[in-house]
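Number of protein chains: 4
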Amino acid sequence: MNRYFARGRRVAGWLAALAIISMSVAALDAQAQTEMKGLIDDLVAANRILYRQGVVDGFGHVSARHPGKPDRFLMSAAKAPGRVTAEDIMEFDLDGNPIDGKERPIYSERFIHSEVYKARANVNAVIHSHSPTVIPFSVTQVPLRAVHNTASFLAAGVPVFEMRKAAGMTNNLVTSSARGKALTETLGDRPVALLRGHGNVVVGPDLRRTVSRAIYTEVNARMLLQAVTLGGPITFIDPEENKQIESGRGTRITGHGVDRTWQMWLEEATR
Amino acid sequence: MNRYFARGRRVAGWLAALAIISMSVAALDAQAQTEMKGLIDDLVAANRILYRQGVVDGFGHVSARHPGKPDRFLMSAAKAPGRVTAEDIMEFDLDGNPIDGKERPIYSERFIHSEVYKARANVNAVIHSHSPTVIPFSVTQVPLRAVHNTASFLAAGVPVFEMRKAAGMTNNLVTSSARGKALTETLGDRPVALLRGHGNVVVGPDLRRTVSRAIYTEVNARMLLQAVTLGGPITFIDPEENKQIESGRGTRITGHGVDRTWQMWLEEATR
Amino acid sequence: MNRYFARGRRVAGWLAALAIISMSVAALDAQAQTEMKGLIDDLVAANRILYRQGVVDGFGHVSARHPGKPDRFLMSAAKAPGRVTAEDIMEFDLDGNPIDGKERPIYSERFIHSEVYKARANVNAVIHSHSPTVIPFSVTQVPLRAVHNTASFLAAGVPVFEMRKAAGMTNNLVTSSARGKALTETLGDRPVALLRGHGNVVVGPDLRRTVSRAIYTEVNARMLLQAVTLGGPITFIDPEENKQIESGRGTRITGHGVDRTWQMWLEEATR
Amino acid sequence: MNRYFARGRRVAGWLAALAIISMSVAALDAQAQTEMKGLIDDLVAANRILYRQGVVDGFGHVSARHPGKPDRFLMSAAKAPGRVTAEDIMEFDLDGNPIDGKERPIYSERFIHSEVYKARANVNAVIHSHSPTVIPFSVTQVPLRAVHNTASFLAAGVPVFEMRKAAGMTNNLVTSSARGKALTETLGDRPVALLRGHGNVVVGPDLRRTVSRAIYTEVNARMLLQAVTLGGPITFIDPEENKQIESGRGTRITGHGVDRTWQMWLEEATR
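Chains A, B, C and D supply the protein sequences, listed in that same order. According to the working numbering, the first sequence is numbered sequentially starting from 1. According to the working numbering, the second sequence is numbered sequentially starting from 272. According to the working numbering, the third sequence is numbered sequentially starting from 543. According to the working numbering, the fourth sequence is numbered sequentially starting from 814.
There may be inaccurate statements among the hints.
[Stated by the list, open to error] Capping the alpha-carbon separation at 25 angstroms, the derived lysine-lysine pairs in BS3-like fashion look like this:
(1) A:Lys118 to A:Lys69
(2) D:Lys850 to D:Lys931
(3) B:Lys373 to B:Lys308
(4) C:Lys707 to A:Lys243
(5) C:Lys785 to C:Lys707
(6) B:Lys373 to B:Lys340
(7) D:Lys978 to D:Lys1056
(8) D:Lys978 to D:Lys994
(9) A:Lys165 to B:Lys514
(10) D:Lys850 to C:Lys785
(11) D:Lys931 to B:Lys436
(12) C:Lys707 to C:Lys723
Worth flagging that the hints you see were computed from the coordinates, not collected in a lab. Since the structure is predicted, the reported quantities are computational estimates derived from the model, not experimental observations.
All chains should be built: construct the whole structure from the sequences, respecting the hints.
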């Protein structure tokens, strides 16, 4: 990773990305530029963290809502997440159109992102993955529920999107706004939905917390699978417990919660 | 891997390989030489990728049909796939005879490859592996079926080859043209067949796509095993879904499908 | 890890830590300083070993009773265990108050440690983890019992702490002395207790042995899960066998038991 | 591993080991010295390979019969196998006594080795391990049987040694000749036996083949566990198939069988 992630290239990278992302960037003031740079750095890190943690393999993508323009979002060009650099970050509108594509390949399922941002104003980051232990729950009748504190957000329930109901026999890919809208309706106001035989979508109020949710969704799926293997009644995290757990996670406190794991994941991903 | 894969040795390697692979190589024109060099590079990479992804261990082999002579195929001398270099690539005819063996050891099960190429003109790459999670499906009655989009090609059905039916009590190895022919008949026109208590054979229209199939066959086997553990009715990828998914994979588009994962796997295998 | 763990920084680290840990350190004689330095080194190593062995991820913590003051214990500031350095080691009293916090973030569940030290005079080390294969046992009815010699200490029985019984619907975290006390009562005189939907607590007579217990609790959980998968009656380690096994582990003999594995784990963690 | 395994130290190591292993070494002629050096190198490699492949962790040991004196065997001093160097290799007699211990710690379960060598003249290597997926089979009623060609040697049957039957309630360790003899009687003329709640013993005609057996015993255990998870009747490797498979493995052929995997494992272990 070093050759892609070295400081020199990273700086060059976000400068290039800034130059690429719409004409209006030139008009950004200094503070907005700093904010944008931080978000691009985090978005590149998010790609590499999700790869390193086994949530994405060659497929999957992560996006963040544009900090200054709520009807835009940032996401990599079509590339394996573990190889994404700042130069790959592109800007899209909420119909999934690239603002300045420069003929780079783009993810065919970008509509997962555009439709979620359209429907949910309080969502600022979206992840689509083929999270490996999540997929078995998408093709069976066992609901993915929270058994571990760190994934308590699953206590809200995890619906399964069935493309066949929304669009009949297809390639089972979310390759249009219509399909993305159908998925978003299944998701409702929850943080996670599964896509049958395909993967999941994870959303959240900010990028780092959404990355954490995607990782602990996979971790919790492994634990629940093992609990089912052990058999008998399973004690799930109660929605009331989740409420109290989540309220303690709301802010960014140095050394706690998402901040603690992010620093570790970042170090692991750039090792 | 660096000491085997460094550019210097690689160049020396394919030159040596070109020199080795039949006298007619000298007569190849420049374009054919470039094509051959690319294929040898890909074949070495395929060996190392399949090892790095856990599809092969010390055993297993991967071959590609000769780009200029359809009745020949290229495959490594007998060696652990993760250690294969360009110098190891040999040429074989469709009876499994090496063209210029130079007394190197050769895989005793090369007839898996020769018989598939003989029977199926549209197959240009063959992989035999002891793919670990695939073997349990070969010794039980649970069919290996597609639960994940990326392995939709399994929707065609995955037959199990039983050597005892073809040849009685043997060493359970495909060490003759007759056994290879029997296996090929079980495979039929499908992309994957299992060998009971032994492994699988995976075929495809080109090398990179066949590598992808072998990897996602293993990934899908893990997911199906977990789905069986969860229990209840399982929703499989429908043959019609597979048809639409596969039609979208047909071409080599930069940044999409097989190209996206190949670039990642290559980077992982040469790290 | 090298940049955090290099000898130079480590020496600087324990000097800094000594300076930080209460004013009375200045009065320590040379022997006590050496003992303290050794313990801080071991505590940093314990954090990194537990991370490297997969017992802790970003969460979890490990502490040791102060060698000179039995009503104090040493533990890192709030940080992912795999990133802890000697500078992070802090001193706490048995109400969970930091002695000289220097405004560093502290673990909200430090009361797990303080209450165990308060209740059990023969315990000198405490580990709290989200040991992944242990958690499924905390949410089902299958008791975690010893199936492997190296985890024979589990033959004493592994109780499960249910926060709902102790404190009703909460965030399921041990964030007060009262909750810590309730957990300690469930633990009783045993080496391990599970926290439902959360993790475990592991205690022991010294730090290295407690680290070994935490690691083999996870290893044994994996084996028991597999034994349950195989089905049928399971032969557990008998309490009498445990008694004889544990009596042979009591001392620190070079090359045997805890010493043998500690040297290996240390090498793995600092590689 | 490099710092322990570098060529310079390795040469120094076997010289030191030669000097240590009994006074009679001085009298060895040049050919015998070369043979001994090769065996010590292989024994060190075997320790590191078994560690790298996950068959041993901090515990477990591997020995080889002395090439010149059939009533002696070579084994490391008490140390984690992954850390063994040539200097650690010691000579023992068939009562488990070290010939020139030099006060180094020795494995308390060396009687597993001494008794096997005493009882079986055609065995030249012995491995004891806590092979992780093997242990669940030792505490349940599911026999460990061969489902994969590479572990066909298990078709001879894998008995389980129950210490309680041989010696009552003990520490479940083979710490005497009497216990070693009882284990050897359970093993009979087979290549593998399990020790209930403890691990296994694997024997063979030479060191490299025995290492291969230990590794594929673990691999086969994983596959059988998965087959049991899938359920239904399982097709095992037939004893007659094993006979034909094993007869093809008898010799050391460059690039085939044990030679192929040994070269790979060696490279992995010294990477």
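List in ascending order the numbers of the hints, as given earlier, that are violated by the structure.
Violated: hints 5, 7, 10, 11.
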